Each structure stands twice: as structure tokens, then as C-alpha cells.
Amino acid sequence: MALALYIHWPFCRSKCPYCDFNSHVRENFDSKQWGVGLRSDMRHESSVTCDEPLTSIFFGGGTPSLMPPELVDSLLTEAESLWGFAPGIEITLEANPTSIEADNFAALALAGINRVSLGIQSLEQEALHFLGREHSADEALAALAIAQEHFDRVSFDLIYARPGQSADAWFGELDRALALGTDHLSLYQLTIEPGTRFATDVRRGAFTPLDEDSAADLFAATRERMRAAGLPAYEVSNHARPGQESAHNLTYWRYRDFAGIGPGAHGRRGGRATVRHRKPENFLSAIARNGHGIAEERVLPLREQAEEAVLMGLRLDEGIDLDALAGRFGLSRDTLVSARKLEQLVEQKLVEATEERIALTESGMLLLDRVVAELLVGAPETV
Amino acid sequence: MTDLSKIRNFSIIAHIDHGKSTLADRLIQACGGLTEREMSEQVLDNMDIEKERGITIKAQTVRLSYTAKDGETYELNLMDTPGHVDFAYEVSRSLAACEGALLVVDAAQGVEAQTLANVYQSIEHDHEIVPVINKIDLPAAEPERVAEEIEEIVGIQATGPWAEGGAVLASAKSGLGVEDVLEALVARIPPPQGDRDAPLKASLVDSWYDPYLGVVILVRVIDGVLKKGLNVRFMQGGTQHLVDRVGCFRPKRTDLAEIGPGEIGFITAQIKEVDQARVGDTITTVKGGADKPLPGYREPQPVVFCGLFPVDAADFEKLRESIGKLRLNDASFTYEMESSAALGFGFRAGFLGLLHLEIIQERLSREYDLDLITTAPSVVYRVHLGKTKNEDAKVIDIHNPADWPDVNRIDAIEEPWIKATIYTPDEYLGPILKLCQDRRGVQTNLTYVGGRAQVTYELPLNEVVFDFYDRLKSISRGYASFDYEQIGLREGDLVKMNILVNAEPVDALSLIVHRTVAEERGRGMCERLKDLIPRHLFKIPIQAAIGGKIIARETIAALRKDVTAKCYGGDITRKKKLLEKQKKGKARMREYGNVSIPQEAFIAALRMGEE
Chain A
1 MALALYIHWP FCRSKCPYCD FNSHVRENFD SKQWGVGLRS DMRHESSVTC
51 DEPLTSIFFG GGTPSLMPPE LVDSLLTEAE SLWGFAPGIE ITLEANPTSI
101 EADNFAALAL AGINRVSLGI QSLEQEALHF LGREHSADEA LAALAIAQEH
151 FDRVSFDLIY ARPGQSADAW FGELDRALAL GTDHLSLYQL TIEPGTRFAT
201 DVRRGAFTPL DEDSAADLFA ATRERMRAAG LPAYEVSNHA RPGQESAHNL
251 TYWRYRDFAG IGPGAHGRRG GRATVRHRKP ENFLSAIARN GHGIAEERVL
301 PLREQAEEAV LMGLRLDEGI DLDALAGRFG LSRDTLVSAR KLEQLVEQKL
351 VEATEERIAL TESGMLLLDR VVAELLVGAP ETV
Chain B
1 MTDLSKIRNF SIIAHIDHGK STLADRLIQA CGGLTEREMS EQVLDNMDIE
51 KERGITIKAQ TVRLSYTAKD GETYELNLMD TPGHVDFAYE VSRSLAACEG
101 ALLVVDAAQG VEAQTLANVY QSIEHDHEIV PVINKIDLPA AEPERVAEEI
151 EEIVGIQATG PWAEGGAVLA SAKSGLGVED VLEALVARIP PPQGDRDAPL
201 KASLVDSWYD PYLGVVILVR VIDGVLKKGL NVRFMQGGTQ HLVDRVGCFR
251 PKRTDLAEIG PGEIGFITAQ IKEVDQARVG DTITTVKGGA DKPLPGYREP
301 QPVVFCGLFP VDAADFEKLR ESIGKLRLND ASFTYEMESS AALGFGFRAG
351 FLGLLHLEII QERLSREYDL DLITTAPSVV YRVHLGKTKN EDAKVIDIHN
401 PADWPDVNRI DAIEEPWIKA TIYTPDEYLG PILKLCQDRR GVQTNLTYVG
451 GRAQVTYELP LNEVVFDFYD RLKSISRGYA SFDYEQIGLR EGDLVKMNIL
501 VNAEPVDALS LIVHRTVAEE RGRGMCERLK DLIPRHLFKI PIQAAIGGKI
551 IARETIAALR KDVTAKCYGG DITRKKKLLE KQKKGKARMR EYGNVSIPQE
601 AFIAALRMGE E
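If you're matching them up, the sequences are chains A and B in order. Residues 1 to 383, numbered by the UniProt record's numbering, are exactly what the first sequence covers, in order. Residues 1 to 611, numbered by the UniProt record's numbering, are exactly what the second sequence covers, in order.
These aren't lab readings, by the way, just hints derived from the structure by calculation. It should be emphasised that the depicted structure is a prediction, and the values quoted were computed from it without experimental measurement. Careful, some of the hints might be misleading.
[To be verified] With a straight-line cut-off of 25 Å between C-alpha atoms, the simulated SDA-like cross-links for lysine to any residue are:
| # | chain 1 | residue 1 | chain 2 | residue 2 |
| --- | --- | --- | --- | --- |
| 1 | B | 496 | B | 395 |
| 2 | B | 530 | A | 210 |
| 3 | B | 292 | A | 214 |
| 4 | B | 325 | B | 253 |
| 5 | B | 575 | A | 209 |
| 6 | B | 566 | A | 334 |
| 7 | B | 473 | B | 496 |
| 8 | A | 15 | A | 194 |
| 9 | B | 387 | B | 371 |
| 10 | B | 566 | A | 214 |
| 11 | B | 581 | A | 193 |
| 12 | B | 69 | B | 250 |
| 13 | B | 581 | A | 164 |
| 14 | A | 15 | A | 214 |
| 15 | B | 577 | A | 77 |
| 16 | A | 341 | B | 559 |
| 17 | B | 419 | B | 303 |
| 18 | B | 576 | A | 19 |
| 19 | B | 586 | B | 478 |
| 20 | B | 586 | A | 19 |
| 21 | B | 581 | A | 333 |
| 22 | B | 576 | A | 136 |
| 23 | A | 341 | B | 253 |
| 24 | B | 586 | A | 334 |
| 25 | A | 349 | A | 330 |
| 26 | B | 473 | B | 459 |
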């Protein structure tokens, strides 16, 4: 069985107003203490997972590009000795495109990172300011160039469907992004998440999010544009030249096992869901007490696993093999999803069904959350 | 047994909040019925709903011993009557058991419409009425003005000292004047009459189910004596029972050797269902009993009907059981099983009125923890059907729009009408008249008294059953009072209006309306449903139709976008929780033609908006 490893680095220099991830702004952190803690957490995971080699590792955050390269190196060394690395292992690190961080790229590559995902977010200066990013557009382009020099694979993120953003403005920006020559792009529509500063801003009327119709139009046109550029969407927001998809993220969407370590990291392995302590200090004290940072570990009933697999799998362009997926969890397809609903959704041209697989159509992808709810909620409660 | 001349049977008439319960409590206390410590506030209202709404649903009675200033000890029976027009018949039975009444009027607010209706009923029973002006210690109290108002509106003497026939001035809250009230009772309310040696005749005033005693029957003995061990016959119900207990409430239950003529008390006779002890029946002995029952008996007659369905279809059995249990205690509502295409199995229930409907609904959800969908309330229509090849002409009563016959066969339809009396500060009169007019009302009377107006309208009951009372309260800021009595059937041009959601008729939303208001109602319902039904993956037409003719239409646009932009390993749990929430929400929805309609929409759609 393949296994992916996620490592969460919780610290940021500042909190972005749209971000609802587990990130914490701290002046200083004790690099040595964190190395000890994360390695200990890793050892716990290796003791309860299969001893198949790792197929991917992902450093997420927070801002993992703030990690000292020696720390990254020590973690990768530990991981390799615990599980071993499968041939062609993908090791990704999320990075902010500032000059300070770009200075570390060479060392990170040397430590074993072979893919970076840069949080560029926009190529427009004004938009970067609105999004609360620390870097300038030029700084981002420079960082990207350095990254392309040091890493085999580079991807970056853009946030679109921003307040007042016109289709022309967005496609101008997207064309410039495509011209930068990466084989992978994550294009996220701006969504206002509860508990973020943007949520407060919207409530107070500081700005109005783009209306639903315009956002829907932009989403469809973006996928169209990306297909034409040779980087079709393989997931809701992720686009890649065929073969350049993120192997690590595919593990999530195909609902294969992954171990998650570090503050607030989630894992799914051996039919269990794990969550680590979110607050960095609590995480470290849990490590000191228990040797691992787990706050909650729960055995997932088979039906729940199957439902999670459906809701993740349908995010992918390839969709899911319903029979195989249901079979994986000892269910039949008809007890997992409502056959009647599926038929209706096919009629409404929101879902495409071949003998083997079901997948969302282009118009269905825009309504994915509702479609998944229809399929799973209408299913008979037999298990 | 108490000598007839020492008995006083009386009720208390008061508007809500004018202090009936407080005064009753004071009287009980003054006669030593309960110590200060035992007085939980407002002893008489037993049910939570009664306490919350300040209304009495079941008759209660308390026997008090009062030693008056003349040195004699009197037996005072205080009958607390139901306080709402829905229970008019029960009220009349309670009143028939008394010889007098205290009329309690708030010293600041004066006489209210509801009070008047009860006063007139009391007068019809030849009661001696003793006015009590309460809350005289309020800063806004105007006892003289209120006394004059009582004389002017009610037509009984209220000015002058109470000993000379005027109103008693009191403050039930502080206890001021409570003794005067008791003295006035003894002096002015006539004692009952009766013959101890005549065959037993006792009026069945009320009955309720007690988990320990079985059915408890409240009686007023007219002639003869009721004793333990007596074999009695219910003359209307035709059943026979062995009396195993007689007693009274002081207000604590107290067993007695007997209940003699003129007295009020209770009996038990191992009866399991209140249905067997119907209000208004006459109790006599099996041997040597009376030959004629007391006059005035009536079978309970439900006038408002609606469907009750469990939100969760799996709760049907629980609903059946709960309705059955409630019915043990309230024989005045009827129910039969009903099935609806989309709501599944439920019950069609009939009630004495709207408040009665609400009370049953609330008790089901509160005492039995049931989540219910209530369909549009309907009245009983009398439909005259013409002759066909296979069938003669006939007349049928319909209380469910689902049973509405083929229009081609209908010769005529009659609907129940009511006479409504509304009493309001005159500043709200304009909107109230408009409301009545909009509901097809016919004004029959309008009088002004001081700053108040009393208006009488004849209205079709079906225009009142939805939200008339709510609207009245809202446009008058709660000041208007409303009272009604049925005045029989009248012919009307009525049609059945269907609501179609995504081209499927929604049976729970069908209703019978007058042709002249059908279009407006249809439009209103479509507009409200548009807001109440969440957007779906497809666009949903909502139509109102009479027969095949669409009279109103709205469209709910299809959902455009609903997709989470970022969903990685750490987001699975959150997404899954969202899904669970949707599942729970789904259980509270009903499916019509692929459209999920939230439970709340059914009732909300029927509320005619704030024009």
C-alpha cells in the first residue's frame, strides 16, 4: 500500500485575511525543539503504518519555506530511514515568493525537495495588497525564476474571482501566468471563509464578494482556457500538463492512506482518522507527554470512509469507479449512492456515467458540493 | 352535607391579565385552603400551556369554607371556567353549575370584549353578578370611571359602596378588599336550590384523565345525593358505573362521604376514557333514577380540521400513540388516519376552534416530543352534489380539500360563517376594518365608547382559520380583542386551489378559497414559497391553479455555483460534517416532484403576508 506523508509547519510572518488554515504568527521558534518534536511524531506514525515506502511528502502550512533547510533535511532523512522512499518520490514544499525565502531554495533542493508550490496569488500589485501578501509582483516573478532554476517541478497558486474582477482583467493575468512556463497551476476562486478577516470585512460592508453568476462564468471560462493551454483541470482548482499532477494531492482525492504530522495535521491511515493538536505549544507539550501530537484518533466506520472517498473522488476530472470504490469498503454501489439520484443527475447533464466510472460534467463541477450531497444524502441508510 | 342556604356557587369572569387567577389565589388563601408556603403561584391553572398563555382550558373547582361576619360558615364553590370561545360549550356547562359570578375588571383598562361575551353568557344563566374592580392600587387606576363604564356597557350597577350593590374595590395582588369580596359573595349571590329526597340528578360539568385515579368527573348535584358505592347511569352516554370515590378540592383533593344537592364535587367510577364521561351529561342512579336528563346536552362538534403528519415518517407510530393518549384526556377533538402522497401517514384531526388546534399541536410536540407538519386548517363545507347516471343528488360534508368532489357535479357549496366581535382602541380601527373587509366580512355594527370601538362583523370561518387572529393582534399592537360565535352556513362561490411545485400538486398546500380572492391568495402563496424553498440544481416553477387553469406563477432559479475551491487532506473532516448537517436537514424536508420542501414552508406559505 502506498503511503503519503504530510508535515505541517504552523508558522507565518503574518496572517493573510482570506486564510482559515492552521497558521500562527510567532516572532521566534526553537528550531531544534521542533526538529525533535516532528521527528518523534513521525516515528509514532511509522510505528502504526505499513512499512511500504513513501510515495510522496508534502510540507504545508503555515509557511514551510520559513523552515531552516537543515530542519527540512533532518526530517527527510528521518522519513527515509523510517519508511524508505519509493522510486520517483515527489517531495513538495509550499513557499512564499519573497527574496528571503528564495535565498533558501538551493539548500532546500539539496535537502531533497523536488517540487515547490509558490503562493504567488496574483500578478497584480493592487490585488496582492488586497490579499494581504508581503511580496510584490516583481519579487514573486524573481522568486519563481529562482525556483525554476533549482527544482524539477514548480507550481504556483493564483486567487481569482476577486471583488470587482472583470473577465478581461482575469484572463490577461492568467495569460501572463501561463507564459511563465510552469506545468502546474492551482487557480482558486476567492471564497470568504468563516472566522477570517475577510468574513468580518464582508459583514461590515467593507467589500462585496463577486456575484455568484460572474464567479460561475469565470470558473467555466478558466477551465476552458486552461484546457486550450494544455494544462487541463484534473481537479476543481488544479491544472497540470498531463503527467505533472501533484501525486501527493492525488492521494487525498483518490482516498489513499496518508499520515499527517505537525500541529493541526489530519491523517487517514488504516481506517482511522487522526488530528494533531492545533496550537503549536500544545502540540509540543503533547509530544513531550506522549511522544506524538495526536489530539484525536477515531476509527472510521466503513460507510463513512466510503462517503469520504466519494466526496473527495468526485473532485477529480477522472471521477470515481463506483463499483470498485464501494467494493473497497464492502458496500454495493446502490447502498452507497442513490441510484435514482444518480439517474436524475445524469439526465440533468451534471454527471457523466460510463460503464466503469462516474464523473462530473463541466457544468456539474460548478455544483459539485450539491451534487455530492444529492448522491450521498439520498442514499438508503442501510449500514 | 351542607345546608342549601349556606352554599354559594360562583365563577369568576375576567379578561386575560385582569387578575382572575391572583384573585382566586387570594380567596383560597383567605379561607385557609392553603398556607402561604403552599401557594405556588396561580394554583388553578394546572397545565404549562395554561400558565404560559394565561388561559384556562379545563374547568377547575375549589371548595372553600368561609366564616362570614354574620358568624355563619359558608361553603363557597369557586368554579374556574375555560376562558376561550373555542370552549364555549364547556363554559356554558360550568356556568350552569353556578348561581352567580364575580366580574373582575382591571381598574386601569376597563371592560374588554372577551369579558363582555362571558358576562352575557353569565346573564343568560340568570346569574347574580358581583363586579370587582381590581388593581385599584395601580397609579393608572380609575375605579370611578371603570365603575361607570361597567354600568354603561354591561348594564349592572357598579357605582356606590359594595354593600349597597356597587362594585367591590380590590387589589388581589396586595390582598386589599379580599374580605369585602367574600362578604359580597355571601350577601349577594343566591344559594342553590334542590331536593335531597328527589331522584339523583347531577350535571357532568367536566372530566379529565388522572393517571392514578382514572377519569375524574366534576359534578354539580341538582337533586338527590351522590355517594360512594352507588350504581349510576349516564343518561346521554347510556353507560353504567359504580361510584368508588366522591370528594372535592380544597384545593387539595379531599374525600367526602357524599355530595348533596346544590354542591359541587368530583367522583371517580373506574372509567378509563374521558369519552365515556361527556360534558353536559346527566348522572342518575340505576335504580329509581330520574326519567328525564337535564337540558342543554350537546355532542362536541369540531369546526376546524387539519392534517397532522410526523416530520420523520418513522415517528408515525409514536404520533398514533400520543394522539390516543391525548384523546383520553380531551374527548372534544376527533381524529382519523389520513395518508398523503408526500407527507406519508398521518391523521386528519378536528378541533373546537383554532386555539384548540394550537393547544393539541403544542401538547403533542411538548409532552410527547413530536415534530409535526400541520397542513392548512380547513373548515367543514357542505357540498350539494347533483344527480348522475349512477347516483342520486346528495349533500356531503367535506373537511379535507383532498376529498373535494369533481366540480362538474357540484350544484352548490355552503360554508360556515361566524359573528365576530372586535373591541379595539379606535386608533387601530381603520386597518382592522380593512382586514375584515379583505376577508369577505360584512359589517353589522360599530359603536364607540370613550376611546374604544366595538365592531361586529359577519365573516366566513375559512377566512379566519389561518392567521386572522395573528394579523389582528399585529395591526392593533396586541390591543384588539376578538371573540366569535358560529351563525350557521351560507352559500359561497368556493373553489379548490392547488399549488404545483415543479408541476406536481402539493396536496398539503391545497386549499378551498372564495373565487374572488383566489388569484390574490395564489399569488401570495407562490411568492412566499419562492422564498421558502431553497434553490435546487434545476429551476423550479411554482404555480397556483384552479382546475387546469394557472392563476399565478413564480420561478425559483437554479443554483449556479456550489463548489468548495480548496479541499485537501485536512479538509475532509470538515466537508464530511457539512454533509451530515445536510442529511439532518434533509430529514426535515419533504419531496415533491424531486423538490425538497422544508417543513417550515408548509405553515409559513399559508400566512398571508404583511401587506
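Open item on the list: Checking one constraint from the list: CA of residue 566 of chain B to CA of residue 334 of chain A, max 25 Å. Satisfied?
Closed with: This hinted pair is violated, its Cα atoms lying about 29 Å apart.
Task: Proposed proximity, residue 214 of chain A with residue 15 of chain A (alpha carbon, max 25 Å) - done: At roughly 28 Å apart (the allowed maximum being 25 Å), residue 214 of chain A and residue 15 of chain A break the hint.
Open item on the list: Given the hinted pair residue 586 of chain B and residue 19 of chain A, is their Cα-Cα distance within 25 Å?
Closed with: Distance ~31 Å between residue 586 of chain B and residue 19 of chain A Cα, so the pair is violated.
Open item on the list: With the threshold set at 25 Å, check whether the alpha-carbon distance from residue 581 of chain B to residue 164 of chain A stays at or below it.
Closed with: violated (32 Å)
- [ ] Take a quick look at whether residue 576 of chain B and residue 136 of chain A sit within 25 Å of each other, Cα to Cα.
- [x] violated (37 Å)
Task: Restraint check for residue 586 of chain B with residue 478 of chain B, where alpha carbons must lie at most 25 Å apart - done: violated (37 Å)
Open item on the list: With the threshold set at 25 Å, check whether the alpha-carbon distance from residue 496 of chain B to residue 395 of chain B stays at or below it.
Closed with: Holds - the C-alpha atoms of residue 395 of chain B and residue 496 of chain B are around 18 Å apart, at most 25 Å.
Open item on the list: Just to be careful, I want the Cα atoms of residue 581 of chain B and residue 193 of chain A compared with a cutoff of 25 Å; is the pair within it?
Closed with: holds (18 Å)
TODO: Quickly compare the C-alpha distance for residue 69 of chain B and residue 250 of chain B to 25 Å and report which way the hint goes.
DONE: holds (21 Å)
TODO: Take a quick look at whether residue 15 of chain A and residue 194 of chain A sit within 25 Å of each other, Cα to Cα.
DONE: Given that 25 Å is the threshold and the Cα spacing comes to 15 Å, the pair holds.
Open item on the list: With the threshold set at 25 Å, check whether the alpha-carbon distance from residue 341 of chain A to residue 253 of chain B stays at or below it.
Closed with: violated (62 Å)
Task: Hint consistency between residue 577 of chain B and residue 77 of chain A [alpha-carbon to alpha-carbon, up to 25 Å] - done: Violated. Residue 577 of chain B to residue 77 of chain A sits at ~36 Å, over the 25 Å cutoff.
The structure does not agree with the numbered hints 3, 6, 7, 9, 13, 14, 15, 19, 20, 22, 23 and 25 stated previously, though it agrees with the rest.
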